[in-house]
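Asker: So the chains spell out like this:
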Amino acid sequence: MTSNNAMNRRQAMRLGMGGGAALIAAGGAQASERKPRRPLNVIPNVEVFDQDGRPYRFHDDLVKNKVVMVNAFYAECGGACPLVTENLKVVYDMFDGRVGRDIHMYTFTLQPERDTPELLKQYAEVYGIGPGWKFLTGKPADMEEIRQALGFTDVDREIDILNDSHTGILRYGNDALKRWAACPAAGRPEGIYFSITSSVMDAGIGQPKVPAKLPQEPAHQHHHASSAT
Amino acid sequence: MMTNKQKSIRRQLELLHQATAARLTRRDAIKMGIVTSGAGILNTGGALAQSGDVDDKVPSPSVKGYEFTEEMPVPPVMQPVQPSGLLAHPSYAANPHYPAFHQYWNKFPAKKYYYTSVRENKNHNFHGKLPNSTIWGFDGTFPGTTIDLKYGEPVVLRIKNDLPALNDPSITYGIPQTINHLHNFHTAPESDGCPWDWANPPAGNLPGEYNDCHYTMARAGFSEPPGSHKDSSGKDWGVYRNGEYGGDARETLSFVFTHQHRPEFTAANVYKGQAKIGRLFDEVDTGNEQDTAPGAYRLPSGPYDVPIVIADKHFDAETGLLIFDQFNTDGFLGDHLTVNGKIQPFFRVKARKYRFRILNIGPARFVRLVLRHNGQNLPFTKINDNGNMLESPIVLTQSEQWAAERNEYIVDFSKLSGKSVYLCNNMPMESGRKAIREKFLDPDLVDNQLLKFVVEEAVPDPSRIPLKFRPFPEVKLAEVVKKRHFRFERGNGMWQINGKLWDSEADHNPKLLANPEVQIQRNTAELWTLESSSGGWHHPIHIHFEEGHVLRTDGKVPKVRTRQDVYRVGRDHNKVEIFIRFRDFPEPNYYRNPPKQRRPYGDDPTKHRHPNEHNRWVMHCHNLSHEDHAMMQTFHIMPKSTDV
Chain W
1 MTSNNAMNRR
11 QAMRLGMGGG
21 AALIAAGGAQ
31 ASERKPRRPL
41 NVIPNVEVFD
51 QDGRPYRFHD
61 DLVKNKVVMV
71 NAFYAECGGA
81 CPLVTENLKV
91 VYDMFDGRVG
101 RDIHMYTFTL
111 QPERDTPELL
121 KQYAEVYGIG
131 PGWKFLTGKP
141 ADMEEIRQAL
151 GFTDVDREID
161 ILNDSHTGIL
171 RYGNDALKRW
181 AACPAAGRPE
191 GIYFSITSSV
201 MDAGIGQPKV
211 PAKLPQEPAH
221 QHHHASSAT
Chain R
1001 MMTNKQKSIR
1011 RQLELLHQAT
1021 AARLTRRDAI
1031 KMGIVTSGAG
1041 ILNTGGALAQ
1051 SGDVDDKVPS
1061 PSVKGYEFTE
1071 EMPVPPVMQP
1081 VQPSGLLAHP
1091 SYAANPHYPA
1101 FHQYWNKFPA
1111 KKYYYTSVRE
1121 NKNHNFHGKL
1131 PNSTIWGFDG
1141 TFPGTTIDLK
1151 YGEPVVLRIK
1161 NDLPALNDPS
1171 ITYGIPQTIN
1181 HLHNFHTAPE
1191 SDGCPWDWAN
1201 PPAGNLPGEY
1211 NDCHYTMARA
1221 GFSEPPGSHK
1231 DSSGKDWGVY
1241 RNGEYGGDAR
1251 ETLSFVFTHQ
1261 HRPEFTAANV
1271 YKGQAKIGRL
1281 FDEVDTGNEQ
1291 DTAPGAYRLP
1301 SGPYDVPIVI
1311 ADKHFDAETG
1321 LLIFDQFNTD
1331 GFLGDHLTVN
1341 GKIQPFFRVK
1351 ARKYRFRILN
1361 IGPARFVRLV
1371 LRHNGQNLPF
1381 TKINDNGNML
1391 ESPIVLTQSE
1401 QWAAERNEYI
1411 VDFSKLSGKS
1421 VYLCNNMPME
1431 SGRKAIREKF
1441 LDPDLVDNQL
1451 LKFVVEEAVP
1461 DPSRIPLKFR
1471 PFPEVKLAEV
1481 VKKRHFRFER
1491 GNGMWQINGK
1501 LWDSEADHNP
1511 KLLANPEVQI
1521 QRNTAELWTL
1531 ESSSGGWHHP
1541 IHIHFEEGHV
1551 LRTDGKVPKV
1561 RTRQDVYRVG
1571 RDHNKVEIFI
1581 RFRDFPEPNY
1591 YRNPPKQRRP
1601 YGDDPTKHRH
1611 PNEHNRWVMH
1621 CHNLSHEDHA
1631 MMQTFHIMPK
1641 STDV
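Residue numbers (the numbering used here), protein chains in the order written: chain W, 1 to 229; chain R, 1001 to 1644.
Hints are supplied without guarantee of correctness; some may be wrong.
Claimed, not checked - Lysine-lysine pairs mimicking BS3-like chemistry, simulated, CA-CA at most 25 Å apart:
hint, chain 1, residue 1, chain 2, residue 2
1, W, Lys89, W, Lys66
2, R, Lys1640, R, Lys1107
3, R, Lys1483, R, Lys1350
4, W, Lys121, W, Lys66
5, R, Lys1107, R, Lys1122
6, W, Lys121, W, Lys209
7, W, Lys89, R, Lys1511
8, R, Lys1482, R, Lys1230
9, R, Lys1150, R, Lys1064
10, R, Lys1107, W, Lys178
11, W, Lys209, R, Lys1482
12, W, Lys89, W, Lys64
13, W, Lys213, R, Lys1511
14, W, Lys209, R, Lys1235
15, R, Lys1107, R, Lys1064
No lab work stands behind these hints, which were simulated from the structure alone.
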């Protein structure tokens, strides 16, 4: 992919800002409309870009036959996101070099019209994010599809349109085994590590346990995550 | 029997109630711009509201036109392993049972042994016109075989995991690890089925793992001094058997169920079929309607005591196969409420009284049950709430059951020979967030009919409905040693209790185990306030191990006193105050010297070492998707240093 292409994509994303606004308006109308049920357990194959501007098909390139953990954020978020990013960085370190090989980490933006790959790159650098952990953006409609399909949603439309309503979820799964679950993204890193390795990799799929590289000082015991309201 | 005047008053009240509800919903609907036409509010004959305004919210079933062509199965009763229990079972030599692992084994050694294995069944048929679906059930069945237990007869139930391998690619949802909770018996953690210590399925040459559950079949309070369970009139409700004190008879339960509890996958695994009913009998609820012993309840028994599991399921519109949404954190709703594993079955009944033990297994749907006959509600008698017999029976025309709630009802078909009666749900629900309790679905719409009773000829009916059952244990506020406040909140899309996030690793973490967050003193009472600030959600909050009493809901004393283990919290129930005792467990000597090994496999020597792994239980939301997304709290009961 050339940088020219990436530029075009970004332009497209900026054009998509109007789309984001339209989405909210449509949300109001939906209260009295029967929305067709989205197909269950289908991971969208929309185009996304990582913090280096590299394009991927979300399902085929990033999820298919992989073990993944996915959370949602936006760079402007001053509440839960920085806390969650720091927390997941501890989890990343616990996997001791396995991220990008045995498990893949994705953080997708809830504000694609603003969060360009450049901005994602800056964000990732601030937090010292290493390889195997991708920050993803794309066209607003595509990111919205990912958000909906992976269940970063609230049934109350007034809460659903607030980005902060979705930043506390950590979705994890093993695509080859069609096994998906979720846990709190701000939970204890040891808890997140245990949830994932006991269900979608290692002991959870009948493979030998790989001991976690434990942080010297437990970084977080119990977080007091801020409320959406 | 009701007099005609009573009947007439009840009928008028019912109509008034329904008409009021209809007007409200209609006004709301007009305000919201949903309804514009002037369609009639009430049917002629004064039946339920047309509910045209909520018809839109009836889930569109994936299967239509298959109503009442198949008979409702009744799960058979599980037989004990004979003649000498598990010792004779072929699996025993390789998999011995360790009595020393069970608390209070010496006081309540097992008299009977049961064995079940959790297996995949690719051929469960929800309806003859649908293809067979895959379930994971006890002995490959859904609902699993009913287990009949009797107070005074302790048992061991071995639950073995024979599910497909952990990495079997044919699995479409759920995880083949099992840990099963007996909801809600008074059980030690190693047998209770809390969200840890799950058993793995077979792997290569290794057989499936198992859990041995010891049920003492004693009432709560058995470790308190005899004589402590007297009511205000001085009557002693203590049970004495073979020189052992067996607890407070007022703590008796009659209806329990076993279900899957693997954290983060509970909704999927329960949905996939791991649920079975347990009936508990005792000295007066003997399961014999012809019992002439003084005090015997003589409730309908044998073929007239019928367990019913209502389960919400979703079928793929194209393939007709059972499907589950793994990405739903609110609570997955199905499009068919199945009854004992069938879509809209019929059930032949005799024209006499029946005892129905009805469990709503969810995972997320709440129901309001009505019995419909000729466009009218048929009254029925509720005798039991959440597994606890009421102090006296009450006559109802509808009964709400939230997810995991279980009630017992007596239905009298004696005057209906040759007629049909329908069990229907009239409560709308649009999402796992809440039930729309103020609105009513048309119960006579075929989509809302769950089960058709075909009433056959009259037969002799020796059964009775007693005027009174046992009183509830008294609430003695003077016993309260501690008040606790639990706030259930939603933050950034996840559930929190008092601002904290639960995880199952914390319950294995030696550092955290050494200083548990919620420490309760053994054999004391506490006042718990369960408060929901999550605005507009409904949470059936389940507390393992003990039954409690609701003192106030939003400041109001409940109209009917109940004892329960599932508390309605959330919208219309924002603040629930309960009185609850925590008794007997852990066994003090066992707590001080816990066994090092429980089973021959997979025993990590670092596990089961900390005493605080033997005195912990959980409280959690029983909307299983909320539970899976961390709406859970562990609590520990700490023995006093002087306890023996």
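Asker: Now look at each hint and say whether the structure bears it out.
Answerer: A quick look at each hint next to the structure:
Distance check on the hinted pair: W:Lys89 and W:Lys66 sit about 20 Å apart at the alpha-carbon level, within 25 Å; holds. At roughly 20 Å between alpha-carbon atoms, R:Lys1640 and R:Lys1107 fall within 25 Å of each other, so this suggested pair holds. Of the pairs offered as hints, the one joining R:Lys1483 and R:Lys1350 is violated, with about 51 Å between alpha carbons and a cut-off of 25 Å exceeded. For the suggested pair W:Lys121 and W:Lys66, the alpha carbons sit about 24 Å apart, so the restraint of at most 25 Å is met.
In summary, the hint linking R:Lys1107 to R:Lys1122 is not supported, as the alpha carbons are separated by about 42 Å, beyond the 25 Å threshold. Of the supplied pair hints, the one linking W:Lys121 and W:Lys209 is violated, its CA atoms being roughly 33 Å apart against a limit of 25 Å. For the proposed pair W:Lys89 and R:Lys1511, the alpha carbon gap of about 22 Å is at most 25 Å, so the pair holds. For a cut-off of 25 Å, the pair hint linking R:Lys1482 to R:Lys1230 stands: about 23 Å separates their Cα positions.
For a cut-off of 25 Å, the pair hint linking R:Lys1150 to R:Lys1064 is broken: about 42 Å separates their Cα positions. A hinted pair counts as satisfied when its Cα atoms are at most 25 Å apart, and R:Lys1107 with W:Lys178 does not qualify at roughly 47 Å. Among the hinted pairs, W:Lys209 with R:Lys1482 is inconsistent with the structure: their alpha-carbon atoms are about 42 Å apart, more than 25 Å. The straight-line distance between the Cα atoms of W:Lys89 and W:Lys64 is roughly 24 Å, inside the 25 Å bound, and the hint therefore holds.
Restraint check for W:Lys213 and R:Lys1511: the C-alpha separation of about 17 Å stays at or below 25 Å, so the hint holds. The straight-line distance between the Cα atoms of W:Lys209 and R:Lys1235 is roughly 58 Å, outside the 25 Å bound, and the hint therefore fails. About 55 Å separates the Cα atoms of R:Lys1107 and R:Lys1064, which puts this hinted pair outside 25 Å; it is violated.
Checked against the numbered hints given earlier, the structure breaks hints 3, 5, 6, 9, 10, 11, 14, 15 and satisfies all the rest.
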